[in-house]
Amino acid sequence: MKKSSFLAGAVLCILLLSSFMAKPVFRKVVYASTVDCVGCKKKVMENISFNRGVKDVSVDLSAQTVTIVFDESKTDTVVLGGALRKLGYGAKIVQYE
Amino acid sequence: MQHKTILFLLAGLCVLQPVPVRSQEPPEKRDTLDQAVFVARGNANFLSKHKDLRTEVITAAGLCKMACCNLAESFENSASVTVGYSDAVTGARQIRLLGQNGIYTQMLDENRPVMRGLAAPFGLNYVPGQWLESIQIAKGVTSVVNGVESMTGQINLEHRKPTDEIPLFVQASVMNDTKTDFNVASSLQLDKEGKWSTVFLGHFDGNFKEMDHNDDGFMDDPRQRQFSFSNRWLYQGFDGSQVRFGVRGIADNRQGGQMSGDWTTDIRNSNLGAYLKAGIPLNKENTSNIALVADYTWYRMDGDFTTRRYDARQHSAFLNLLYQNHNVEQHHFTLGLSETLDFFREKYLWGAFNGDALINTTLNNLGAFGEYTFHSADETTFSAIVGLRADWFKDNGVRFSPRLTLKWAPSDSWVFRANGGRGLRYSNPISDNIGVLSTGKQLLGPYTEHILEDSWTFGGNATWYIGGSSTTYLSFDYFRTQFREQMLVENGPDSRASSIVFSPLTALKDGYSYTDNFQVDFSTEPLEGLTLTLTGRFTNARQKYVGTLAEDDIKPMTSRYKGVLNAQYATHLNKWIFDFTASINGPCKVWEFMKGYKGMYSDGWTPVYPLLYAQVTRRFKGFDLYLGGENLTNYRQQDPILYADQPFSTGFDASCVWGPLMGIRVYGGVRITLWKTVKE
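Chains as they are written, first to last, in the working numbering: chain A, 1027 to 1123; chain B, 28 to 707.
Next up, chain B with everything else stripped away, as it sits in the complex:
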């Protein structure tokens, strides 16, 4: 009785506490930038209402809602992008967009192509989430201005800016398995006029403890240490001219494999790069300008997989010269020339498998392009972007790539988009499929050749902003990617499953490869501070097989569907933030040789599995503390390494990964932000 009385009194007190007066100011919609609308609310992910392409934006808040040690992990709460491991020994992460491997998604660093070639397999691990301000994921073929390599979509990374008034940012986090992450950033404005500014970015992460939770004798995650740094500069002239330049370096060592056996991996990656971007206005109004983008990247990958080695070097240069004109309000023109030059030096030290080889390859792509953009007079109702590229590819001649994007918003509540066009890229068979090195199988086919992959992607999107709201919407999209040429890889096409075969699509009789992708997104704010998003994705990926064992043409190791529920609750003024993400991950068809392995996959499919993530953040003036958990259902793929007890046999295969390798993980971290102040 006494307890009840006390509870009653406490409840009475709570009711009687004065309710803070809330501003009655309506949500800010005057600013046309999505960013401006969402910055106050701290939304993690949202579909942009204003972009011409169907674009999902992961904001700084989204990048803080999980451990987000690196770019790969920042996609965990997105249904558009599926994140997985390339194999069970190297720790390399890969993404899928529209049901296709992430190599077909063009990665941009503030509109410069990055993570190409050798950088692709580990590139996602090398972009610290805390270096980023936001990520934009655009589905379908994108602007011709950034090259022709976007086939299923484009992911643009916006880094912390030199103009950010944050002279010091520090983040440190640690997981219960000793995985440690440390980031530092410093943005400095160097003169009162605001002409010169720079940002220094530093990163270290490491995994110090070897663990083998499933007792297969192999480390769950490799021992690893990674350092990276970047320095970016910005010059802004009073006449509207801008110069941006910067450097970047990465050093990463990772040792995995058996805890106490002879089969180990030792991978050493290094990267150095520099870039320059300059924009010069040609008139006072800056409605006409020229721009130059130049980028150089050196990449080294030395990969020792005990039974074979792959040591490779890559020098890449990218040059883009643009002329832009929007003298007439509704009509924008861009004309340009581009050059992409890649030099690869690849050592295939296959030993007992196929012998050794050293192959030097030069890939050259010279392009000319034009793009016309029409916006209706009100700039929002209708827009059309028509682009055409003519690219000369060394050994392949000239290819034309038309692209079209349409957007129609008949009212505040509806946005319709359609998009289609061609994408082209040179394949890098080994680095695109790094998992094949973690097997005991013989590699067959033209895996040293860099064939020109060729695809067409078409799709559309309809979004209903309920009641004209920017925050409550229902969206549906469909995209199809059809390859005309692709390097197909089939694991175990023969009955002995002792080989992995590479084959160009056009070398197969009646060859085909396509993916249909459907997605539904729903987002709402039922209460102030509470954001709910629900996303469902279904993928139908089909391809012609190299071998004859397959019973159907469903593409193996590609998840059929995924559903994601994100809930975020932030108290008033974002002092407490609670994040929760639940996903259900659909089955993948397995390779034929996996059927029945240790009694698993007898129906030819992997099981459906759930994943849960949760995080609590407490924010104070100048610093945040956060505590979270990953994979809270503790679901792990059972026996991810086939024949782990016989690593020198032809059956050994660590590349058949479809689920989580790590169980439940708990982490804690701190973010310290020092804002620039002035003396009064």
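If we strip away everything but chain A, and leave its shape as in the complex, we get:
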């Protein structure tokens, strides 16, 4: 019993440590884009949402911006900008945090 509790405690410590060490860093990037229609918004949402490392996507049609939150260890602004351009929309970074 003592042995198993000790083992569990040790595993917990290791996992806690590794969890903190592996904590991904999320970044937010806002692209000025050429999205200007409901169909464009749908196209961006349906595609960018499934890109590796993407955690959140939103499209503001009136401001013509695409905001993406992503895991820095899995993707970057170059890949995401390229993905937007491949869909046929501009992708100029206006905000990055």
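Possibly wrong hints are sitting among the right ones.
Said to hold, decoys possible - Here are a few chain A residues that sit away from chain B, every Cβ distance over 10 Å (derived from the structure):
#, residue
1, Ala1058
2, Asn1077
3, Lys1100
4, Thr1101
5, Asp1102
6, Lys1118
7, Ile1119
8, Val1120
9, Gln1121
10, Tyr1122
To be verified - Derived pair list, reagent style DSSO-like, types lysine-lysine, alpha-carbon separation capped at 30 Å:
#, chain 1, residue 1, chain 2, residue 2
11, A, Lys1112, B, Lys304
12, B, Lys602, B, Lys206
13, B, Lys236, B, Lys206
14, B, Lys582, B, Lys536
15, A, Lys1118, B, Lys304
16, B, Lys222, A, Lys1112
17, A, Lys1100, B, Lys703
18, A, Lys1049, B, Lys219
19, B, Lys222, A, Lys1118
20, A, Lys1112, B, Lys311
21, B, Lys304, B, Lys76
22, A, Lys1100, B, Lys648
23, A, Lys1054, B, Lys536
24, B, Lys206, A, Lys1118
25, A, Lys1112, B, Lys536
26, B, Lys706, A, Lys1112
27, B, Lys703, B, Lys222
28, B, Lys219, A, Lys1118
29, B, Lys706, B, Lys602
30, B, Lys206, A, Lys1054
31, B, Lys219, B, Lys304
32, B, Lys602, A, Lys1054
33, A, Lys1112, B, Lys206
34, B, Lys602, A, Lys1118
35, B, Lys222, B, Lys188
36, A, Lys1100, B, Lys602
37, B, Lys703, A, Lys1054
38, B, Lys188, B, Lys374
39, B, Lys374, A, Lys1100
40, B, Lys582, A, Lys1112
Everything labelled a hint here was simulated from the structure, so no lab data went into it.
Please read all numbers here as calculations on a predicted model, not as lab measurements.
From the three backbone atoms N, C-alpha and C, an ideal C-beta is built for every residue, glycine too.
Given chain A's structure and the hints, the job is docking chain B onto it.
Leaving out everything else, chain B in the frame of chain A:
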């Protein structure tokens, strides 16, 4: 103990996982289109806040939440529209809106009238759900611009668009009973300027295996194969002009009836159609324009019901010429002329019943109309639409149809609507009541005549958007449809129940026919991604009877109430979607001759029954996989065919359907979407 420790560790890990950063951007409300607000959330059904009429919208997400092989099935999760079978042998589906048969609901394909006449009984089966982008269900009488046939409401179908940047979409699904559905769509933009675009739509569905779960000797669903295609074109000029045209074709064969007996059905339907829509601006600002809508449809129905045949052809032409003016911001005018011409060639091969007849009928409706729309300066607080049509109907003369729609939104939280007006349509007695052919009864009355049906519908709606939200609302509506003329159909008015009698309402002394319809809708999003909608509908349908056996004037085979609970949960970015729909379906009063049949319906009413649907969808980049189940309570109408063991007797009747014919069904499918990309 060890298990508990492991669980504790896992729980700890889950808690310690970093929570994804969510955008703090408020829900997009700047865009006035409902579509823009709801596209990101993927809501299945919602009540439009901005439409002048009380309009329920079924979105693309809603069309994906069930097997939705065709249009009829896409209404399964709506309480406004009730879906049922016309009879227990042909597989034809029918809908009811405001307690009246779907023939009184005007069906529009992007604002062109469709599914008229012979196309009505099977039309709902011929619109693949996967061809559609959305469906709008408007209650009450609608704009005079689209004709005068909308009596209880209007259902507008928005197809996939030529401008959709989806060069290839493929969907395939199969049910455990071998029912198969396959759709393909391709939207292509043909030039860089975006002037020309087209969409090709293809569909196949089939039911290959005969099944008889209730052992009555009849197939539960007919063997069936259906092909359909459509090609739609769009030209958009830089000056604001637009031309849309397209073609459509359908071929459907269905064989039902006894599994191994002599009473069978063989129905062959074909349809070809073409349309043209053109809009030309008359000034640079495009505040004044003229538009032309032209449509031609050919329809063939050959129906062999063993003891009788009904073979019919229909040629229909529709022309609408419009002048629209909104030079002054708040005042819009539309003036127009319309022509609807229908030619029917109907062969009634009744044999032993009434003998044979070949009747050619030409129906002609020439109309002139005007509509004025006023919007308050902010475009949202108040609007009024006043419309008037003057229609000349062949053999019936001139009829005037006024219509009025008012909408008042005193705040962000409240919307009030009122609506009323007249609707007119020619009846098509046999195709409107296709189930009568699946009986051994003699048809009596003027069932070969296309009388002009005439109704007034009035109603209103109040919606409380709680806290000004577009997504949490409570809505109440009431509508009444009162017929001045209607082709009434009574099954078994005599004690022998050996006939079905058709009778114009005005031929009855003190005749009347009306429906009161009440509905409450509640929708909310208690958690991010979780949408709950709860709807209740109560219908009071009354009519004067042809015969004298009925104890009251409640309209038979019309469900008194329906309650629907929809729950949808979508994980962040819609990668997993869980849909659940539960409904409780109220009783219908049965025909007099059904009372006591095999010990059923002794109180004169059908039982209340539940229905459950569930579906799980997993979405990946470019494709979705889904798995679902229909009628999970496995509830089936017991003995839907009366005297199934004596199909050549006068008592034989397969038209008395009020509940599900098919039990539990499980299905799986895939949707593949290829989006248009550009080379970097």
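List of violated hint numbers, smallest to largest: 2, 11, 15, 18, 20, 23, 24, 25, 30, 33, 38, 39, 40
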